[in-house]
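**Student:** Residues per chain, in single letters:
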Amino acid sequence: MATDTRHFGDSPVDTDVLDGAAEPYPRNRLYVKIAIALAIITAAEVAVHVFPDAFGGAGSMPYVISLLAMMALKFFAVAYWFMHLKWDNKILTWAFYTGVILAVAVYVAVLTVMQVWGGMTGVGVDPLGGT
Amino acid sequence: MADTTVHEVGLDAAAPVAHLDHDTNTGISNTKLGMWLFLGSECLLFGGLITTYLIYKTPLSGPTPEQIFDIPFTSASSFVLLMSSLTMVLAVSAIERGDHHRLRVWLAATAILGSTFVAGQLYEFTAFYREGLGFTTSRFSSAFYTLTGFHGVHVTIGILMLVSLLLWSLRGKLPEHRSETVEVVGLYWHFVDIVWILIFAVVYLIP
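Chains as they are written, first to last, in my numbering: chain A, 315 to 445; chain B, 873 to 1079.
In case anyone wonders, no lab produced these hints; they're calculated from the structure. Quick caveat: nothing in here was measured; it's all calculated off a predicted structure. Backbone N, C-alpha and C fix where the C-beta goes; we use that ideal spot for every residue, glycine too. There are no misleading hints in this set.
Non-contacting residues of chain B with respect to chain A, defined by C-beta distances greater than 12 Å in every case (computed): (1) Q939; (2) A980; (3) L994; (4) F997; (5) G1021.
Here are the simulated distance ranges between beta carbons: (6) P944(B) with L344(A): 28 to 34 Å; (7) Y394(A) with E1003(B): 37 to 43 Å; (8) A423(A) with F1007(B): 24 to 30 Å.
With the sequences and hints as input, model every part of the structure.
**Tutor:** Next up, the structure:
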């Protein structure tokens, strides 16, 4: 007879009902906490945009770096907790981050060749013509 | 690699059972591993589109990004999509616990939040068009509409998958031993969310 593996309520979910998980999935309250943190970070991003002078002005290096840092934090938080990379088999982490690292490497190289970095801080050149 | 399913061993679709061990080299189902590999390849697609936008974002004619972007509106849309990731992960958690009522509630909530985001994007596109920013107005407009349009199509496909899951669940065709199906759709949905996290910062907030 099959085992009843239902887990009503807010207890961790055992690995016997999960697919490819190395550890039990967490309680729902952790997801809610992560979502609140993500909402706060999003508010902080908007605050940086609304008050750029506090970060050296729109387009300055501190402004851009602070926004990119918060963006990266949100990206990895969703992948790590919501997409369960924290608890799943590590081969899935490798499968995903291979694509991420490859994309970042290739396109940073392209943007560097196109001299876009200076343009983000307002001092670069326009490498392409057209409209 | 063979992938053992409950159907092959003749289990009752409605019976609450544990996942069977997958007879694969990795111990992970091919479906889940395939979705992760697909998402890894999608990074290259969206990376290319974002890179193209960064190269072409300075228009030589027509409206500039600073003139047309409505940051408060887009911030609200971003918040909606972010919260849809929460409802999605709660849906996955619900089916893994065998709670079908909450599964349907969270799937419906995710689909509604996703639809709200897409509706907001359509409104934004319409507003931009009325302000003189057509697809071929400038290199900026082409790159912007292509990037955000591709993302919008991905969200729309995600909504269709969510509605399909909801219908399956209502018809009793989504027992908890098929929770992997919900989880795989959830992975796609979360990916769509993290792509928007990148677009929101790089396209809208960084001048």
